[in-house]
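**Student:** Read top to bottom, the protein sequences are chains A and B.
Going by my numbering, 8 is the number at position 8 of the first sequence; the sequence numbering is gapless.
Residues are numbered in my numbering as their position in the second sequence, beginning at 1, plus a constant of 116.
Please keep in mind that the hints were generated in silico from the structure rather than gathered at the bench.
Note that this is a predicted model, so its numbers are computed, not measured.
Treat the hints with care, since some could be wrong.
[Stated by the list, open to error] Under the rule of at most 27 Å between Cα atoms (straight-line distance), these lysine-lysine pairs were calculated in the DSS-like manner: (1) A:K66 <-> B:K158; (2) B:K153 <-> A:K42; (3) A:K41 <-> B:K138; (4) A:K64 <-> B:K173; (5) B:K214 <-> A:K66; (6) A:K42 <-> B:K214.
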Amino acid sequence: GAVVSQHPSRVICKSGTSVKIECRSLDFQATTMFWYRQFPKKSLMLMATSNEGSKATYEQGVEKDKFLINHASLTLSTLTVTSAHPEDSSFYICSALRDAGSETQYFGPGTRLLVL
Amino acid sequence: GENVEQHPSTLSVQEGDSAVIKCTYSDSASNYFPWYKQELGKRPQLIIDIRSNVGEKKDQRIAVTLNKTAKHFSLHITETQPEDSAVYFCAVNFGNEKLTFGTGTRLTIIP
Numbered sequence: 001g002a003v004v005s006q007h008p009s010r011v012i013c014k015s016g017t018s019v020k021i022e023c024r025s026l027d028f029q030a031t032t033m034f035w036y037r038q039f040p041k042k043s044l045m046l047m048a049t050s051n052e053g054s055k056a057t058y059e060q061g062v063e064k065d066k067f068l069i070n071h072a073s074l075t076l077s078t079l080t081v082t083s084a085h086p087e088d089s090s091f092y093i094c095s096a097l098r099d100a101g102s103e104t105q106y107f108g109p110g111t112r113l114l115v116l
Numbered sequence: 117g118e119n120v121e122q123h124p125s126t127l128s129v130q131e132g133d134s135a136v137i138k139c140t141y142s143d144s145a146s147n148y149f150p151w152y153k154q155e156l157g158k159r160p161q162l163i164i165d166i167r168s169n170v171g172e173k174k175d176q177r178i179a180v181t182l183n184k185t186a187k188h189f190s191l192h193i194t195e196t197q198p199e200d201s202a203v204y205f206c207a208v209n210f211g212n213e214k215l216t217f218g219t220g221t222r223l224t225i226i227p
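Next up, chain A with everything else stripped away, as it sits in the complex:
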């Protein structure tokens, strides 16, 4: 199998606080994980590519100091939304590549973030 989990599934926080979202590959090792953001009735927009042991690669327009990504092990990547604002409210989804050189991405269940 290729199971990816995310925690938490939903979170509500106050404006100005930071929120950490975890993405785990449960039955495989993932050297590469991806973080997406999805607004209501919209498509998935890639935020960054997370590689184990190295710095994440951010897409154009995504602030790396606001969306901190850490991929410290082969089964865990974290996304921290710092100083969250209401416009950061969204559905955040991670995915993982099961094998090096593989093209198939397996998605986590997503985290719904609401910033008040």
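Following the hints, position chain B against chain A.
**Tutor:** The following block gives chain B in isolation, referenced to the frame of chain A:
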């Protein structure tokens, strides 16, 4: 640039009829074309994919066709059922591990 266009944005079909969703892409070097199904509030689920060396692939009621010359690929769902109702996204790998997603098609199956 890496661009993926998807049509239609919404599609309603009578149960039992076929549904077709089409995507076009910008870069002829693209080599991997998956289709994902997403139910409301859920994760995208891979339903079928095709690679650039193949023209057509079928899995029961679902098929994907690829025209590399014209740079488009299509999802075909036959004998549609109410549980096929969802949002469908095409995606393209432009050769760098990343996927660029289409804008999505909301498919509604009318019982």
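**Student:** Run every hint past the structure and note whether it holds.
**Tutor:** A quick look at each hint next to the structure:
1. Of the supplied pair hints, the one linking K66 (chain A) and K158 (chain B) holds, its CA atoms being roughly 25 Å apart against a limit of 27 Å.
2. Taking the CA atoms of K153 (chain B) and K42 (chain A), the gap is near 14 Å; set against the 27 Å cutoff, the hint holds.
3. For the suggested pair K41 (chain A) and K138 (chain B), the alpha carbons sit about 19 Å apart, so the restraint of at most 27 Å is met.
4. Distance restraint check for K64 (chain A) and K173 (chain B): the Cα-Cα separation of roughly 39 Å exceeds the 27 Å cut-off, and the hinted pair is therefore not satisfied.
5. Only pairs whose Cα atoms come within 27 Å are accepted, and K214 (chain B) paired with K66 (chain A) is accepted, the gap being roughly 22 Å.
6. Annotation: proposed proximity of K42 (chain A) to K214 (chain B) holds, straight-line Cα distance about 18 Å (limit 27 Å).
Of the numbered hints stated above, the single one contradicted by the structure is hint 4.
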